[in-house]
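J.: The residues making up each chain are set out below.
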Amino acid sequence: MTLLAAANGISLPGTDDPINVSQTVGFALLAALMIWAAIRVVTTRNVVHAAVWLVVVLAGAAAQFILLAAEFVGVTQVMVYIGAVIVLILFGVMLTQAKLGNDPNLSRRNWYGGAVVAVVLFGLLAFATIDTFEDAKLPEDRRMALPAAEVGDGEVPRTESNTGAVSDAVFGAYLLPLEVLGVLLTAALVGAIAVARKD
Amino acid sequence: MSDLLRSYLTVFIFGAVAVGLVGAVLGLGSFLRPKRPRPEKLIAYESGVDPVGEGWTQAEIRYYIFALLFVVFDVEAVFLFPYATRAEAYGWYGVGAMALFIGILTLTILEAWRKKVLRWS
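Which chain is which? The protein sequence lines are A and B, in order. Numbers 8 to 206, taken from the working numbering, label the letters of the first sequence in order. Numbers 1216 to 1336, taken from the working numbering, label the letters of the second sequence in order.
No wet-lab data here; the hints were simulated from the structure. Quantities reported herein were computed from a predicted structural model and do not represent experimental measurements. Be careful, since some hints might not be right.
To be verified - Here chain A is said to cover these stretches of chain B; the calculated rule only asks that three of the stretch's residues, wherever they fall, bring their Cβ under 8 Å from a Cβ of chain A: (1) 1218 to 1231; (2) 1249 to 1257.
To be verified - Where chain B lies over chain A, by a calculated footprint (3+ residues, C-beta under 8 Å): (3) 76 to 87; (4) 123 to 134; (5) 175 to 185.
Beta carbons: idealized from backbone N, C-alpha and C, even for Gly.
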């Protein structure tokens, strides 16, 4: 009995299904591309090049999400991360005194501290993922929709799409976090205005 | 392969053809053209005048506010998509929940307007 199944009382999908070969091959190719691009992010001598390599990593993650039938998460990855967060990072680079050209002093001497953190984080995530999903596989055309979600003060009819299932979760159990997210974004912008104002 | 992944195969083929076409045209060009590099040929070209100084200047911080405003309304748009797929099922409850979310985010643009950061002086 794994953590996810124990917590929610649901059976893991596709435990007995055969391995989806095309999906596994696609995952391996994308993973290799992402690892290569991630290495280039930390080894390139140019900050702007690092940001552009980060775009490759994030696009690979979006493709992985689509491979896992999580279309909404994949499109969100493209819109928010590639569209907005990279813009923020590039503006951050342009606002600071960082050199846009090649900078031989880009590496710091305590980089191995970051490497230790990365290895520990990788271990934790790998353990959590393997322990949670074990033999679960991508369902073949099986939808993730929950049976008749509870939204608002009554039950709404069940949805056929995964995006609809996300919506049921967001507007059902996770409505308060959604509104808190709105407050958080507002606070971030008010803070930025306070920092950027001249007077 | 599931139907969902097969439908995305079209996207993959489209992208592969686009990348392959650009690569083929550029590769053919580099294969056919004469190659005699000189330092003058490698500098940036603009209206026939040689560039002076560097292209790098420090940007103003107020650009950051516009970037952050973009992030805020990007996130708002992202949450509109799942709502749009289920809006009919939710009825007025969904309208109220989404109106509250958009209302909170609209405070950002009101704050920016009130502090006059939208005005470019």
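J.: Each hint: holds or not?
T.: Verification of the supplied hints:
1. 1218 to 1231: holds (count 4)
2. 1249 to 1257: Result for this restraint: violated, n = 0.
3. 76 to 87: holds (count 7)
4. 123 to 134: violated (count 0)
5. 175 to 185: holds (count 5)
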